[in-house]
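Between the sequences and the hints, there should be enough to build the whole structure, so can you do that?
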Amino acid sequence: MVKPCWRIGAGMERSKINPTKVDGLTWYKDLGLHTFGEFSMAMIQANSVMEDQCQIESGPLTFNNPTVQGTFVGVYDGHGGPEASRFIADNIFPKLKKFASEGREISEQVISKAFAETDKDFLKTVTKQWPTNPQMASVGSCCLAGVICNGLVYIANTGDSRAVLGRSERGGVRAVQLSVEHNANLESARQELWSLHPNDPTILVMKHRLWRVKGVIQVTRSIGDAYLKRAEFNREPLLPKFRLPEHFTKPILSADPSVTITRLSPQDEFIILASDGLWEHLSNQEAVDIVHNSPRQGIARRLLKAALKEAAKKREMRYSDLTEIHPGVRRHFHDDITVIVVYLNPHPVKTNSWASPLSIRGGYPMHSTS
Amino acid sequence: MINAKKLMKMAKKWQQRAALHRKRISFQRSSVFTSSSSTVEKGCFVVYTADKIRFAFPISYLSNSVVQELLKISEEDFGLPTEGPITLPFDSAFLEYLVKLIQRRMDEDTEKALLLSISSARCSFQPQEQQCSTTQQLLVF
Numbered sequence: 001m002v003k004p005c006w007r008i009g010a011g012m013e014r015s016k017i018n019p020t021k022v023d024g025l026t027w028y029k030d031l032g033l034h035t036f037g038e039f040s041m042a043m044i045q046a047n048s049v050m051e052d053q054c055q056i057e058s059g060p061l062t063f064n065n066p067t068v069q070g071t072f073v074g075v076y077d078g079h080g081g082p083e084a085s086r087f088i089a090d091n092i093f094p095k096l097k098k099f100a101s102e103g104r105e106i107s108e109q110v111i112s113k114a115f116a117e118t119d120k121d122f123l124k125t126v127t128k129q130w131p132t133n134p135q136m137a138s139v140g141s142c143c144l145a146g147v148i149c150n151g152l153v154y155i156a157n158t159g160d161s162r163a164v165l166g167r168s169e170r171g172g173v174r175a176v177q178l179s180v181e182h183n184a185n186l187e188s189a190r191q192e193l194w195s196l197h198p199n200d201p202t203i204l205v206m207k208h209r210l211w212r213v214k215g216v217i218q219v220t221r222s223i224g225d226a227y228l229k230r231a232e233f234n235r236e237p238l239l240p241k242f243r244l245p246e247h248f249t250k251p252i253l254s255a256d257p258s259v260t261i262t263r264l265s266p267q268d269e270f271i272i273l274a275s276d277g278l279w280e281h282l283s284n285q286e287a288v289d290i291v292h293n294s295p296r297q298g299i300a301r302r303l304l305k306a307a308l309k310e311a312a313k314k315r316e317m318r319y320s321d322l323t324e325i326h327p328g329v330r331r332h333f334h335d336d337i338t339v340i341v342v343y344l345n346p347h348p349v350k351t352n353s354w355a356s357p358l359s360i361r362g363g364y365p366m367h368s369t370s
Numbered sequence: 001m002i003n004a005k006k007l008m009k010m011a012k013k014w015q016q017r018a019a020l021h022r023k024r025i026s027f028q029r030s031s032v033f034t035s036s037s038s039t040v041e042k043g044c045f046v047v048y049t050a051d052k053i054r055f056a057f058p059i060s061y062l063s064n065s066v067v068q069e070l071l072k073i074s075e076e077d078f079g080l081p082t083e084g085p086i087t088l089p090f091d092s093a094f095l096e097y098l099v100k101l102i103q104r105r106m107d108e109d110t111e112k113a114l115l116l117s118i119s120s121a122r123c124s125f126q127p128q129e130q131q132c133s134t135t136q137q138l139l140v141f
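Read top to bottom, the protein sequences are chains U and D. Going by UniProt numbering, 364 is the number at position 364 of the first sequence; the sequence numbering is gapless. Going by UniProt numbering, 114 is the number at position 114 of the second sequence; the sequence numbering is gapless.
If you are wondering where the hints come from, they were derived from the structure by calculation, not from laboratory data. Since the model is a prediction, treat every value here as computed from it, not as a measurement. Hints are not guaranteed to be accurate.
[To be verified] Distance condition first, Cα-Cα at most 25 Å in a straight line; then the derived DMTMM-like pairs of lysine to aspartate or glutamate:
1) U/Lys313 x D/Asp91
2) D/Lys42 x U/Glu310
3) U/Lys313 x D/Glu75
4) U/Lys207 x D/Glu111
5) U/Lys313 x D/Asp109
6) U/Lys241 x U/Glu269
7) U/Lys21 x U/Asp321
8) U/Lys241 x D/Asp77
9) D/Lys42 x U/Asp200
10) D/Lys72 x U/Glu316
11) U/Lys313 x D/Asp51
12) U/Lys313 x D/Glu69
13) U/Lys241 x U/Asp200
14) U/Lys207 x D/Glu76
Next up, the structure:
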């Protein structure tokens with residue numbers, strides 16, 4: 001179920017313990033402490049309703065094994081509405097803990113199961129709401145999750161958000177991309193779809209100089225998007241622009257995450273996790289250079305500003321004028337952006353985090369013009 | 001109401017101005033004038049028209065429903081630009097005409113009718129003859 005309004009109250013309650021700030025369309029937490037070091041978060045809204053969501057959870061990763069401590073970071077970039085990204089933020093971490101408790105440890109399978117069950121439960125919600133709210137069938141979200149535990153970092157990704165590691169190297173820092181992305185404008189994602197649907201000549205269609213799955217969506221994997229997973233939703237009253245002309249039997253999009261596992265070394269300084277709103281304006285190397293060369297306090301907001309300055313430049317306008325634009329129409333100038341920087345200490349900050357688990361949720365509630 | 005004589009005069013003015021390449025609508029002076037290519041105008045956002053003319057409008061224009069409709073049409077026709085500026089699928093003469101109407105603060109009914117005709121007319125903007133007939137149709141207001 002999509003959480004009702006009381007959830008807003010619960011969020012505020014939580015933010016009293018871990019204060020976060022809102023400045024106009026920007027939400028941020030300039031510096032906090034997770035199990036393995038410091039972190040910084042920032043988000044900015046461009047859509048009339050904020051579709052990005054994010055969270056950081058630090059402390060026990062199972063319900064039954066207190067020795068499995070770690071940090072969970074999630075970036076959820078919704079499309080077609082905020083419902084899917086909010087659903088993920090409400091559900092994926094408890095599911096991860098549930099599956100981790102079964103095997104009393106974190107593993108690739110545990111994370112993949114959490115993704116699969118989150119998607120399955122969201123589709124159940126869509127089915128339930130179909131008679132009264134059929135447009136839920138066209139709501140979806142990218143899902144990027146990072147788990148840092150036992151000297152390993154697991155990066156699981158469904159969609160086109162990105163995680164980049166900053167690794168120190170000869171006086172500078174090198175960007176190492178940890179996530180595998182699923183966007184039709186990447187050759188690997190197209191090849192995967194073409195091989196999965198060899199008999200469908202319109203599985204990928206070029207529209208507005210960009211590849212789109214069935215001519216409608218750029219991401220090739222996602223949570224939600226029920227209309228591209230189950231043919232039962234490919235009918236009225238779903239809006240015509242989401243309806244496919246032909247019947248399909250096999251799901252077109254999948255929710256399977258691509259998972260990478262990296263053993264952390266002392267050279268690994270930080271990880272940046274962000275929605276594609278950031279990466280369309282900053283390269284991996286530009287982003288890690290900014291983080292490496294700037295103070296930690298407010299680093300996520302600094303990255304956000306760097307991306308917005310680039311967006312303003314592309315639109316031939318001033319950054320200060322861009323910041324004056326109201327949500328909704330603002331989407332013509334940039335996307336919703338979420339960025340989380342997680343600094344990595346070689347040793348867990350045991351005294352702080354074990355005593356008080358941390359839970360911060362960003363992006364909900366935010367400014368709404370509708 | 002715009003009479004035929006006034007209309008001819010306006011059309012002539014636009015033709016002259018269409019010959020200029022970079023334009024800026026200034027709302028302090030309520031007139032159209034050129035701006036040098038390298039300036040980033042303070043307090044403005046920029047759009048290009050299909051005939052590659054550059055317009056800078058005050059940010060406040062983004063809350064106008066006609067401007068919002070134009071941006072929506074641009075998104076539907078071209079997608080959201082990832083690298084460069086926003087381009088509208090209309091030519092500069094048509095945009096100047098719309099701006100004149102916006103400046104005059106049309107009443108609610110005129111605005112409604114205009115919104116309707118922009119969205120219903122936009123598909124026929126590519127072929128030259130149809131574009132003229134659409135423009136004429138719009139000038140009836």
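Hints versus structure:
no.: 1; hint: U/Lys313 x D/Asp91; verdict: 24 Å, holds
no.: 2; hint: D/Lys42 x U/Glu310; verdict: 17 Å, holds
no.: 3; hint: U/Lys313 x D/Glu75; verdict: 19 Å, holds
no.: 4; hint: U/Lys207 x D/Glu111; verdict: 31 Å, violated
no.: 5; hint: U/Lys313 x D/Asp109; verdict: 37 Å, violated
no.: 6; hint: U/Lys241 x U/Glu269; verdict: 45 Å, violated
no.: 7; hint: U/Lys21 x U/Asp321; verdict: 22 Å, holds
no.: 8; hint: U/Lys241 x D/Asp77; verdict: 14 Å, holds
no.: 9; hint: D/Lys42 x U/Asp200; verdict: 50 Å, violated
no.: 10; hint: D/Lys72 x U/Glu316; verdict: 19 Å, holds
no.: 11; hint: U/Lys313 x D/Asp51; verdict: 22 Å, holds
no.: 12; hint: U/Lys313 x D/Glu69; verdict: 23 Å, holds
no.: 13; hint: U/Lys241 x U/Asp200; verdict: 19 Å, holds
no.: 14; hint: U/Lys207 x D/Glu76; verdict: 10 Å, holds
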